[in-house]
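> Generate coordinates for the entire structure from the input sequences, incorporating the hints supplied.
The sequence shown begins at 455 in our numbering and counts up one residue at a time.
Hints listed in this document are in silico derivations from the structure and should not be mistaken for laboratory results.
Below, in silico cross-link-like pairs of lysine to any residue (SDA-like), each with a Cα-Cα straight-line distance of 20 Å or less:
#1 Lys719 <-> Gln756
#2 Lys793 <-> Leu730
#3 Lys793 <-> Tyr734
#4 Lys719 <-> Glu759
#5 Lys793 <-> Pro731
#6 Lys719 <-> Arg762
#7 Lys793 <-> Trp743
#8 Lys719 <-> Arg753
#9 Lys793 <-> Ile726
#10 Lys793 <-> Tyr646
#11 Lys793 <-> Ile728
#12 Lys719 <-> Leu696
#13 Lys719 <-> Val763
#14 Lys793 <-> Arg804
#15 Lys793 <-> Gly739
#16 Lys719 <-> Gln703
#17 Lys793 <-> Glu647
#18 Lys719 <-> Val742
#19 Lys719 <-> Ala758
#20 Lys719 <-> His754
#21 Lys719 <-> Ile745
#22 Lys719 <-> Leu749
#23 Lys793 <-> Val742
#24 Lys793 <-> Leu741
#25 Lys719 <-> Val757
#26 Lys793 <-> Thr738
#27 Lys719 <-> Leu746
#28 Lys719 <-> Gln748
#29 Lys793 <-> Leu648
#30 Lys719 <-> Leu730
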Amino acid sequence: MSDPTPPILSSTTQYYRPVPVYAARLPRPRYWFHALLLVATCFTTLVMGARMQYNFVHGQPALSFSDEPIGDELIPYFPASWMFSHPARLLGGIPFAATVMLFFLAHEMGHYLCCRRYWIHSTLPFFIPMPISPIGTMGAVILIRSPIRSRTALFDIAVAGPIAGFVVAAFVLAFSLGLSRALPLNAAATGYELAYPRIFALTQRLLSSIGVLHGAALLPLNQLLLHPTAIAAWVGMFATTLNLLPGGQLDGGHIVFSLAPRIHKFVSRLTILILLPMAYYLWTGWLVWAILLQLSSLRHPQVAEWPRVSGLRTGLAIFALLMLGLTMMPAPFAHSSFKEILPSLMEGLREVLRGFRQR
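As structure tokens, this is what we get:
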């Protein structure tokens with residue numbers, strides 16, 4: 455029987471068969487949904503920012519959530535009703551909301567613009583409002599809808615977001631340290647007790663050496679009452695750390711895959727093994743990230759092996775590693791390791807079991 459599609463002789467003396475090509479219609483952008491999430495996230499960050507500003511004005515840490523009245527007012531965790539009773543308070547949330555939203559926008563637009571450069575279809579940023587979060591949001595994300603065709607494109611898309619966000623966070627940090635004040639002796643001990651990445655101390659030292667910082671801003675970081683915009687800078691640095699973790703399909707994992715695809719799975723699992731003891735001794739949240747890395751490192755989307763990443767991009771990879779070192783906080787929140795919270799968890803479990811037995 456003859457072949458219904460005989461080979462065609464080309465000028466290169468190789469044989470090819472006709473390959474069917476299909477055109478797919480891309481989904482229409484849902485601009486209304488992006489706008490709705492943006493407005494909702496602006497609102498939740500404004501509300502939490504207004505609370506931070508109120509705390510700061512009354513000499514309390516911005517992330518203090520006390521059951522005691524502050525400035526003769528008892529403020530709920532998500533103070534929407536408190537804010538609506540005096541709408542002018544919303545203005546106080548603008549500094550924090552604007553800076554934290556600017557960071558997340560810069561990070562995601564770094565990814566988005568690089569996708570546009572390589573003709574890769576991606577969505578606009580989806581902002582994530584989260585009223586139960588102490589900052590009012592869980593950040594933002596874009597969705598890539600078409601394959602990434604080269605390791606160079608994968609590297610550029612992955613590294614552009616952290617660099618753009620880091621630059622914004624660094625400028626905000628340099629500006630906001632001078633707005634911070636000395637922590638009063640009667641400041642509430644409730645809320646989140648933050649650790650600080652290396653870049654905070656380095657920035658403070660640099661600004662003081664050139665005479666920009668004066669007075670209380672020269673105090674050790676643990677004695678400073680941070681301005682809400684400095685809290686936004688802290689959030690930006692922390693988010694940069696999480697995105698640059700070298701594994702899975704985080705930005706750091708994409709960077710590893712673009713540089714050396716064959717060791718991506720090994721590096722991902724090594725990162726998981728490092729995060730597990732860190733979760734037990736330093737911060738319970740590392741356990742969540744270890745689980746996310748495990749789920750996302752099972753299979754990385756394949757990218758063409760050639761051409762390899764080289765030249766200037768090798769220097770950008772080193773800079774990404776430097777950013778991770780400058781922003782890394784092994785224990786971002788004090789007294790939040792699994793080892794420390796385990797006794798209270800066990801006590802809560804015992805109370806639940808007692809309740810069932812009494813029934």
